[in-house]
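Student: Work the whole structure out from these sequences, hints included.
Residue strings, one per chain:
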Amino acid sequence: MGFGFTVGVFGVLILSHAAYSTIQYRGLLKIMEEEFSGPPLTVFGELVVGLILCMWAALTVPGKFLSIHPDSEENRIVSLPENLDFMIFNHRGRVFPSQVDLKLNH
Amino acid sequence: MVTKTEESQLSRLESQVDNGGGGAWDFLCLVRKLKVRRSDKVLKHGLSILNDPKKRSALGPHEWTLYEQVAIAAMDCQSLEVAKDCIKILRRRFPGSKRVGRLEGMLLEAKGSLPEAEKAYLSFLEENPFDQVVHKRMIAMVKAQGDITRAIGLINKYLETFMADHDAWRELAELYNSLQMYKQAAFCYEELILSQPTNPLYHLTYADVLYTIGGLENLQMAKKYYASTINLTGGKNRRALFGVCLCTSAIAQLSKGRNKEDKDGTHLQSLAATALEKDYKQRAPDKLQLLSSALKSLRVSS
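Protein chains in written order, with this note's numbering: chain A, 1 to 106; chain B, 1 to 302.
Honestly, the hints are just simulated from the structure, not real lab data.
You can trust all of the hints, since none of them are fake.
With a straight-line cut-off of 25 Å between C-alpha atoms, the simulated DMTMM-like cross-links for lysine to aspartate or glutamate are: (1) 44/B <-> 82/A; (2) 103/A <-> 40/B; (3) 157/B <-> 82/A; (4) 278/B <-> 74/A; (5) 35/B <-> 82/A; (6) 103/A <-> 63/B; (7) 4/B <-> 73/A; (8) 224/B <-> 73/A; (9) 103/A <-> 14/B; (10) 278/B <-> 73/A; (11) 84/B <-> 85/A; (12) 4/B <-> 74/A; (13) 281/B <-> 73/A; (14) 84/B <-> 116/B; (15) 41/B <-> 82/A; (16) 35/B <-> 71/A; (17) 33/B <-> 74/A; (18) 103/A <-> 68/B; (19) 103/A <-> 52/B; (20) 64/A <-> 6/B; (21) 236/B <-> 71/A; (22) 236/B <-> 73/A; (23) 88/B <-> 85/A; (24) 35/B <-> 85/A; (25) 35/B <-> 73/A; (26) 35/B <-> 74/A; (27) 4/B <-> 85/A; (28) 236/B <-> 74/A; (29) 224/B <-> 71/A.
Tutor: Encoded structure:
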């Protein structure tokens, strides 16, 4: 978890560094009075690296993904919740001998 | 809805707690979340937590929910002394609370003094006529007395005000089923399917009720709902597969004189039969012979 988190932070830092260097490059072009066609190639490389790192961190940090198929074995509905609001107390369990030692001690 | 993972988690925790390992509080939380009725276990392990002052103080504010849960479990197991003690402690802590008043009403019900319980609930309803839980307790009381028609009347009146309460629709459906009023039960199941369309168990029960009523249109609808159950469960529900086979043969028997579309019907039936045979071969190979002969007789009669 810690490793994924640091990788994510690293990826965000790389992306922000790419943004900063693009802004600097644009300032340089303004001084040299040339047109700004696109960021330099190094910035593209930095962006790709930052993208890969951030995506890897986003997929590993949150933990195990849960299944969403309704018909998979782990999501199979086994039983409905018992209707506890309409629970009645005069069932056959009433005649079972109750355990005498169960007591609340205060 | 209790899914398979939750059920395995629950049984694992239950065996762990029964064999003396820790985790009683986790077990009780899971029981409360899944709304299962394991009153004897809840009583035993809840009391073990409550009787130990160290564990009790470790719970913090959840202590009072545990008192309530143990009180209800004690009433279910007929340990009325324990329930009375728990309610007394809750009453001391929350003097004017309606929730504790409801628990006291439930204790009167469990003791068997139903007229007093009815008086208490009616006084609650006078103060607040829109209290859902008290309405449901009154219905449960009438049901406990055995007067099912009066209970049905009360639930119908309740559902006129609170139409979205699917627990009440489910209870009404079961009451109608017990009186064999299947058409009304089918209506209730339709409401349940409307509110929870992805739950295959409701589709299955609706199809069962339609198959029980009988008649050509109902059988065709039943076949459709068995098919939708198979769709929702990915073909793993054996009851729905059997239902499809039985419906097809019943429809074919009813429409013997007329020439309706036979091909689609028998195609679905043969698919279901193949799926059933594969399943039995995997799980119960010694019963495969029984199954094949039963399916053959269904197909011959069509």
